[in-house]
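Trainee: According to this note's numbering, the sequence shown is numbered sequentially starting from 3.
Straight-line alpha carbon distances no greater than 30 Å define the calculated DSSO-like cross-link-like pairs of lysine-lysine that follow:
| hint | residue 1 | residue 2 |
| --- | --- | --- |
| 1 | K26 | K38 |
| 2 | K40 | K26 |
| 3 | K58 | K40 |
DEER-style ranges, computed between Cβ atoms:
| hint | residue 1 | residue 2 | range |
| --- | --- | --- | --- |
| 4 | K26 | V4 | 32 to 38 Å |
| 5 | S76 | R56 | 26 to 32 Å |
| 6 | L64 | D44 | 27 to 33 Å |
| 7 | K40 | L18 | 30 to 36 Å |
| 8 | G5 | A25 | 29 to 35 Å |
| 9 | I57 | R34 | 32 to 38 Å |
| 10 | E37 | S76 | 55 to 61 Å |
| 11 | G41 | R67 | 37 to 43 Å |
Source of the hints: derived by calculation from the structure; they are not laboratory data. For each residue, glycine too, the CB sits at the ideal point set by N, CA and C.
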Amino acid sequence: LVGSGWIAALFFAAILLRAFSQAKADSFEIGRLNEKIKGLEDNLDQRDTVLSERIKSLEHDLQNRNAILEYVASHQMGQRAMPRAAPDVAPNGEDQT
Numbered sequence: 003l004v005g006s007g008w009i010a011a012l013f014f015a016a017i018l019l020r021a022f023s024q025a026k027a028d029s030f031e032i033g034r035l036n037e038k039i040k041g042l043e044d045n046l047d048q049r050d051t052v053l054s055e056r057i058k059s060l061e062h063d064l065q066n067r068n069a070i071l072e073y074v075a076s077h078q079m080g081q082r083a084m085p086r087a088a089p090d091v092a093p094n095g096e097d098q099t
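The task is simple: from the sequences and hints, build the whole structure.
Mentor: Pasting the structure below:
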């Protein structure tokens with residue numbers, strides 16, 4: 003009986019060593035993946051900033067082109083162009099007017 007107790011203790015120790023080594027490897031892998039996720043989130047934030055700046059630039063371009071189009075159309079019709087009021091834009095993107 004004493005020998006079987008020592009054998010069981012050795013098996014238990016081997017299982018514990020294996021579990022601890024696997025936990026250590028898993029913690030390193032989790033840390034590596036967390037760093038990778040953080041890098042990807044930073045990259046997405048940079049892309050969001052670039053895209054929002056590009057959208058604002060394109061909206062400004064569109065307003066300028068509309069103003070030029072109205073000016074040219076007024077000259078073709080022989081009437082003076084009326085200034086266009088800029089619409090107030092709500093946070094959800096819809097006009098408030």
